[in-house]
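Q: Start from the sequences, fold in the hints, and give me the full structure.
Residue numbers (this note's numbering), protein chains in the order written: chain A, 891 to 1237; chain B, 502 to 676.
To be clear, the hints were calculated from the coordinates, so they are not data collected in a lab.
Where hints are given, some of them may not hold.
To be verified - Below, simulated PhoX-like cross-link-like pairs (lysine-lysine); rule was C-alpha separation at most 25 Å, straight line: (1) K1032/A <-> K1219/A; (2) K503/B <-> K897/A; (3) K503/B <-> K918/A; (4) K512/B <-> K918/A; (5) K921/A <-> K907/A; (6) K1219/A <-> K907/A; (7) K503/B <-> K920/A; (8) K512/B <-> K920/A; (9) K920/A <-> K897/A; (10) K1034/A <-> K503/B; (11) K548/B <-> K921/A; (12) K512/B <-> K897/A; (13) K1032/A <-> K548/B.
Said to hold, decoys possible - Here are the simulated distance ranges between beta carbons: (14) K920/A <-> R520/B: 27 to 35 Å; (15) L521/B <-> H944/A: 17 to 25 Å; (16) R520/B <-> N1055/A: 47 to 55 Å; (17) K920/A <-> K543/B: 52 to 60 Å.
Note that this is a predicted model, so its numbers are computed, not measured.
Each residue gets a CB set at the ideal place from its N, CA and C atoms; glycine is no exception.
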Amino acid sequence: MLERLFKKIFVAIVAGKNGYNVQSLVVKNKKILFKESRHFEGGVPSAVMIRYIHDVIDPSPFFYISTLNLHANQGAYDGCSKPVSHLQNQDAVGIQTLCRDNQWAQYASQDALYQLRSHYSAVGIDFIFSPFSMIEVYFADKIKNSFALYAFGMPEFFSVAIFDNGKLEYAHHYARGSSTGVDIDEEISTMEFTSPLLENERIDGAILLDDIEGLEDLDLLDDLDTVGDIADLDDLEEVSEFSEDTPTPEEKRSERDRNSDTVKSELDASSEEYQRFEFIQKTLERFYTGPHCHNRFIETVCIADSSSGGDELKRYLEEELFLNVLIRKVDVCEGINALAQLEEEGL
Amino acid sequence: MKYSFITPRSKRLISSEMRLALFFFGVNIAMMSLAYLFLAYKTGTFKEKHASFAKNREQLDRSTHVMEEKIRIIETEIKKHEQISTDNTVMAESIRNIFDLAPDSITLIRAELDEKSLILYGISPNKDTYNFMLEAPLRSIFHRTYTSFYPIENGWYRFVSTNYLEDENALEVSE
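A: Structure, rendered in structure tokens:
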């Protein structure tokens, strides 16, 4: 009751390679009174940053400091049961789960949560969110009523989840490099909930991404529209597509592969986007080869991107995987504060 | 928790400094309240005592009045006693004077002394002795004197002398 008399202060902290991004948000009766973003250099929370946060939270007893779990050992899975069956070579004892809508669960390593709390012990942490919660917030308008692949990327990680009308079908958290204070191995996939397949493992009858790429041959079908009259077929030589100079599908595939190599080389220049492309590609491959596919095909990819760029990734996804791509530029701190507000309302 | 892996720290409405200040305010208010209650209690008991004293005073006033009344009665009685004592003294003196009046030759047998009268019974050798030696002083004292003589066997006379004082001369008798 008395809470209504006080302002509520939300502080989001996001650790990056070059320091910390901090956003403070002052709200009273759901009305934003003040919002400020700051960047602080350093590998650990500096005295300046700690003093700034203390100054920000000082006016009100109702303050909430939140951060994002960047650790590699986290993920999400279908259902709310214990993740024992979903983990590979992992001890489920040290795992903390969070059930969402009794449909799916997020999990994180307790050790990582403890590390985060220790890392921010000078200011204290009230909320630790999973990147999958960020996906929920960023695509709240789409998750509930569509079947698509959703991704949220930061320089330190790339989280991918496939939702079908609000139901989680598949999720994977890709960690890259190492974030501040937390060592993350390259592409740790030990926490995925589906039965993971090895990179080059193939299953008979499975629909693989490469096979999907073969659908590019369907471009030929478009050209059939140019065949105006069936009688014209008598003069097959006039149909350019059937002439000897016309490349066969195999030739086209090899040419496309060459083009693909060209695109990949272009993406190498922006390795981050290429890596994201690979993550999405791998995720699709795993989903299609996994037990949750049920002969469904993903047509849409929604990416929440905190960094600039993304045009090349979009182009490549559209050209190579025939996906409808939606990229939303997001402010991670703002998303964390939005989640903190939602969480605070539920207290 | 819906989204967060951890629960937030408990939020306190008041900071530690404010809590300290409120604590001292609370202590002050408590002390003032206790002082107020103490004074209110003391005032109450004082009023009760005051009422009790007033009642006692009234009772004492009443008893003083009664005592004064008793003292007045006693004083009146003392005065009465003194009056009676004086009267008795006067009476005794009067009786003594009466007996002094009687000469040796006359024998008084009985005397009835009243407030305004004196009746003497006695024996006189003769009437003249009585008339000269006793009746004369009696007549000088009393306003009216009557004497009756009765002869007895040896030739003497038994007499009864009745003497009366008038009201206005009553004081003179006592003197």
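Q: All the hints need checking, so say for each whether the structure fits it.
A: Hint by hint, here is what the structure shows:
1. K1032/A <-> K1219/A: holds (16 Å)
2. K503/B <-> K897/A: With Cα atoms ~22 Å apart, K503/B and K897/A stay inside 25 Å; holds.
3. K503/B <-> K918/A: holds (22 Å)
4. K512/B <-> K918/A: Roughly 16 Å between the alpha carbons, so the hint for K512/B and K918/A holds.
5. K921/A <-> K907/A: violated (33 Å)
6. K1219/A <-> K907/A: holds (19 Å)
7. K503/B <-> K920/A: holds (19 Å)
8. K512/B <-> K920/A: holds (19 Å)
9. K920/A <-> K897/A: holds (10 Å)
10. K1034/A <-> K503/B: holds (17 Å)
11. K548/B <-> K921/A: violated (61 Å)
12. K512/B <-> K897/A: Roughly 13 Å between the alpha carbons, so the hint for K512/B and K897/A holds.
13. K1032/A <-> K548/B: violated (81 Å)
14. K920/A <-> R520/B: 27 to 35 Å: About 29 Å separates the Cβ atoms of K920/A and R520/B, which means 27 to 35 Å holds.
15. L521/B <-> H944/A: 17 to 25 Å: holds (19 Å)
16. R520/B <-> N1055/A: 47 to 55 Å: At 51 Å between Cβs, range holds.
17. K920/A <-> K543/B: 52 to 60 Å: holds (56 Å)
When the structure is compared with the earlier hints, violations turn up for hints 5, 11 and 13 and for no others.
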